[in-house]
Structure formats: C-alpha cells, structure tokens
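Chemist: Chains as they are written, first to last, in the working numbering: chain A, 1 to 347; chain B, 1 to 347.
Please note that the accuracy of each hint is not assured.
[Unchecked claim] Facing chain B, from chain A, some residues (calculated, C-beta under 10 Å): (1) Leu-279; (2) Ala-284; (3) Gly-291; (4) Gln-302.
[To be verified] Derived list of chain A stretches under chain B, where covered just means 3 residues or more per stretch with a C-beta under 8 Å from a C-beta of chain B: (5) 98 to 110; (6) 266 to 272.
Calculated from the structure, these hints are not laboratory results.
As the structure is a prediction and not an experimental result, all values here were calculated from the model.
In this text, a Cβ means the ideal position worked out from N, Cα and C, and glycines have one as well.
Residues per chain, in single letters:
There are 2 protein chains.
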Amino acid sequence: MKATVYHGNATVSLDDVADARLVDPTDAVVSIEYAGVCGSDLWTYRGQGAVAPSRIGHEFVGTVSQIGSEVHDISVGDWVIVPFRWSDGTCANCRRGLETSCVNGGFWGRHIPDAGQAQAARVPFADGTLVKTYPDGRRPDAALIPSLLTLSDVFTTGYHCAVSAGINHGDVVVIIGDGAVGLSAILAAKMLGAQYVINAGSTHENHHDLAEAFGADEIITARGEQAVEAVRGLSADNMADIVLECVGSAQSFETAIGMVRPGGTISYVGLPHGVSIDLAKLFATNVTITGGISPAHHYIAQLLPEVLSGSIEPGKVYTREYALDDIAQAYDDLDHRRIIKPLIKVR
Amino acid sequence: MKATVYHGNATVSLDDVADARLVDPTDAVVSIEYAGVCGSDLWTYRGQGAVAPSRIGHEFVGTVSQIGSEVHDISVGDWVIVPFRWSDGTCANCRRGLETSCVNGGFWGRHIPDAGQAQAARVPFADGTLVKTYPDGRRPDAALIPSLLTLSDVFTTGYHCAVSAGINHGDVVVIIGDGAVGLSAILAAKMLGAQYVINAGSTHENHHDLAEAFGADEIITARGEQAVEAVRGLSADNMADIVLECVGSAQSFETAIGMVRPGGTISYVGLPHGVSIDLAKLFATNVTITGGISPAHHYIAQLLPEVLSGSIEPGKVYTREYALDDIAQAYDDLDHRRIIKPLIKVR
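With the hints as extra help, turn the sequences into a complete structure.
Modeler: If you want it as structure tokens, here you go:
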C-alpha cells in the first residue's frame, strides 16, 4: 500500500509500505478515505523532534476493513473518525475524558509505524479509539466529511482551548493566531457564548474571511505590544476576559499576558516552544494558565450533532483538496501558507 | 500613638508616630484591637523588598473611631475586619469580586504610612474596605475574634487557594507547606468537599496536631521527590487531583507538578519567588496553574456565618498571644518557627 513518509529536511513522499494489518486482538484496520495535514506535521517536516524516515499524519477518517477478535463495538464496514491519539477507553484518564493521557495510548507514526496520510492504518484499541458518526456505522453525506474530519484533531483542539478557558456568556475573548487551530478556536468561542471575539496577530490576509465567517467580530493584524494596545482600545474593560493562545511561542504568551484582565484566563493548545512563565508576574492579577493537548475523542460525541445538523462547519478550514499522490505539494503549500489547511483525498 | 516600625536587618520596634487621622472624605480611622503577624511580614523583616523605615502589619480588627464626610455604610463605633488591601468597592474589578485588583486599592505601610500592627490606622475607602461582623456593627464575642481576624488575610488566603483550584467532592488534595496559610488551606479543602487531604512537606512537628484538627487525613514530612513518592503510595490514582501550593519556592512547584494527575490543578497563593514554569512540561498532561493574591474582602461575607456559628475555627492558627509592646518578640518567635502564628493584642 501507499503511505506518506517523512524523510527529513522538508521532504515527504508517497512510498510503498507493507499493508496495514492486525497485530493485537483489540486492533482494527481502517481503509482511509480522507486525511488532513496538521500544523504540528509542519514541526516534523521542518525537522524539529522527529526521526526520519517515519510515516506521518494523524487526522483521518475512513471505513473499517478488519477487526481483531476482541473488538466488540466496531464492525467491518463502519465509517469512523480516528482521533489523533489512540486510547483504550477504560483507564482512569479515559474514564475522566482525558484520553490523551490514556496509559495505553500512543501517537501515529511514533509509537507504531502506521499513520494517517496513507491508504490504510492499523488502529490499536479500536473500541476505545474509533468513533462512528451514526450508531449503524453508515457513511455520512460527502458534504459533511471535511467537518467530520476536523473532529479528529483541529476543531476539537480549538474547542478544547475554549472549553478549558471556561468561557462564559458575555466574555470578551481574544484568539491569538490565525492558523487552522486559531480559526477553530474562534468558532468554538462563539459556540460557548463569547460576546465579542477578537482575532489578534492575524497576519495572513487570506485568513480574514474565514475568521469572520467563524464569528470574529474584530481582526487585529498587529502582533506583540501593538496587539495589546489595539485590544485596549476595543473592549469596554480595556482587556480580555479570556485569551486563547494558538501559536505557542514565547512572544505570543507575553502578548496574552499583556491582554488578559485581572482574574482572567489564558488557555493554550499548541505545544509551547521555549515558553517559560514567571509566576510572580501572574500573582498580583490572579491570571489562570490552562489548556494542553486536546482529548479529541472526548469531544467528538458532543460535537457530532452540531456537525451532522450543519449548525457548525469547521471543515471550512480545509481550503484546498489534494490527491494523496500530491502530498508533497500539500506540505509545500501549507509550509508557505498558500492555503489554510490541506484536505487529502485518499480514495 | 504607638506603631510597629520595620528598621531593616530583622529589626522591628514599637515607635511613637503621628496619630492616625482622616485625609480623604472617604476615609475612616480604626482603633485597632487585635492584629496578626503574617508570613509575608517575614519577607519584609528579612529585608526582601521593603523600604526601611516603614510601618508594618496588614491583618487587623478593631472599632471605627472616626469617619470622613463621604462614608455612608460604616459608622463610628462599628467593630470591623480590615482586609489586607484596601479597595474602593466600585471599580470593575471590585464588582467582579477581585478587590485585590481594585484600581484605587493599596497596601498598608507601602502606599500610605499607616499599617496594622499599631494602635490605630487610617483606612482609605472605608465603605469599600471595612466589613462589619454584624449589620448593627456590634462587637463579637471575644472567643470569636481570633477567627474573625483570620478573615483579614490568612484564612481567606488558604480559602482562595482551595476555591481557585475548583475542588470537587471526592477529590484527593495535597497541600504543600505547613505554615499558617497551608494549614488554612487544609481547613478550606475540607470545607469544599475534598475526600482525602494530604499535608506534604510538613517539616514542623509542632504543626501536625493543628493540621489534623483542620482535617488532614495524612501528613507527609518529606519534601521534593520523596514527597512525590509518598503521595503515589497513598492515593488510589497514585496522584493528586489538586495540589495547593502554599510555599512559593521553585522546589515546591516542582514537587507540585510531580504530584498532580493529568487534567489536575495546581493552585498557589504565596508570592512565588523565582518560580518559572516551562509550559511544555504541562502540555501533555493538561495541568492548570491558577491562584494568586487572595481578594480577602470578597470572601468575608460568605465565611462570616461559618465563623460566627463556630462551624470553623480558623483562629487556631494563632498559637500565642503577645501584647503590642512585645511585637519584636513575636517576630523573633515566628522567624524561628517557635510558634505557628502570633496574635497581637493591641488593647
């Protein structure tokens, strides 16, 4: 079968690999229909932290083609969403809804060779990991698939940012960052009742339309201290109740701290790179820092009705579709910000 | 009148100063009856950050002796609790219940000369700052006064730690630190429904009885990695749902991070000294960092009934009473941990 392989030095290619197969009796094999390319795949692509060669991709949906003897809740033929980390569904962390901390969990392409930008993948702990969109496992309408694919990672990540922040009705919320996660966080903040949503540090003009479509009331193209000043001019209180930090750099956290009001919250969902917070700076203002890696699986059940009814369309973050054969072009386009996010049609 | 003055180099003395007087029409003057010495006074005493000479003390109660022409809710003769920071009661932060961020607030002995370990003090924004224990302003029973005094700072600080952490019924809660704030946090955690309360890093044996009286189910004398290991052996989940960090050192935060479960919360209420948190360490486990300086004023109304009914006795943290004349001895005893916390009888 064909799978995308990262070869180091900003190079990916579609290579021949061994067919996906069952290893443990709790495994399934998923025949992949669509996959996404994630901003975190770019970290790998740029050589930060990944081993080459390794298979890549962790946002994918498709149809179950094989199941192990101990898989009970999933059947061959089910159309499923595959969260970006697998989880057993039974450990204390899974039961709490924090599947990303599953004691038996792992990441595609890292803890097993299989990954999502491929024709198929082995899925460990299929019962705990896979989510059907309908109880009978039927395939959803094609128009819904991009939005359903976002539930594997990108939209649930933006949603986790907003949920963790504890957004209340009436809040002024600033989202820092205009990538697909930041845009998802705008949509999530509006869903949770934010009154006024400001997208700050939105330097890519081709992202502004989607930011507005997702509910941004205001777009600030500035970064850093200029962005802080711009927020002071916009909100009645001169500061944000909540800042959703969707960049992960030291500068963006400093901007977030500058914008948030006393007693407010900064929530983050991208892996922070070189971000050290001096708590003495937050003490006098009682600012909370929360967030972390999103337990996508936990949120799918509550978000499925919103997607299936069409009341939200998070799949709009995919601004261009590529055949799996064109995966290298998809990475190059994302890396150069020619698009917001690539949708990979596998079959 | 007499007031305690910090002269630098671990020296305080009771000096003659000008009588407390009204300056602004929103001021009152309080004739002080009892005062406390706070752990944060020791930072001053040890020369960290304070200007000498300066008057000192920020936990006090007493009777209103004068009011300005624009004071409406407080009358001469009212017996009042004075929170450790004054606040106007009307700004956006005060209305939110975050009086420590009052835009017109300030600290005793720093933003005005007056402070609490003295015979009297000027109180700015008397209506916003002072809290009567009874609507008619009458003096409470003498036996209740130490506990009422704790509402000026120490108990409301421990309570803020527990409230900010969002303790739920059934939680396993670790309190790091065995000073008066840590002990107060034990009592607060139990009030909020913590199922199992562990006091870690409790190195002072003479504090153990009070820790148990306040509700500690387990006392761990170890610190650091040994304390982390001890917690793993005690809780069903092998980790704490919540850690209340009541020390403020880099080591104690590292211990807290080692103890808290995925998705758990670390709450802190002492000014962190040299504590820098690498967020990449919290990302994978979704640990929240919250807390900060306690808005004591905000909590007094909800805690008064508990104190007046005798259902809690936070005043037990005062383990020895001193006359104001003996203030230097009180500091020396606290500095050497001969006592948990000094109660100063002014008159």
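Chemist: Next, verify each hint and record whether it holds.
Modeler: Do the hints match the structure? See the list:
1. Leu-279: The hint holds - Leu-279 (chain A) has a Cβ within 10 Å of chain B, the shortest such distance being about 4 Å.
2. Ala-284: Ala-284 (chain A) check passes; min Cβ-Cβ to chain B is 6 Å, inside 10 Å.
3. Gly-291: Constraint on Gly-291 (chain A) satisfied, holds at 7 Å.
4. Gln-302: Since chain B brings no Cβ nearer than about 17 Å to Gln-302 (chain A), farther than 10 Å, the hint is violated.
5. 98 to 110: With 3 residues close enough to chain B, the hint holds.
6. 266 to 272: n = 3 at 8 Å, threshold three: holds.
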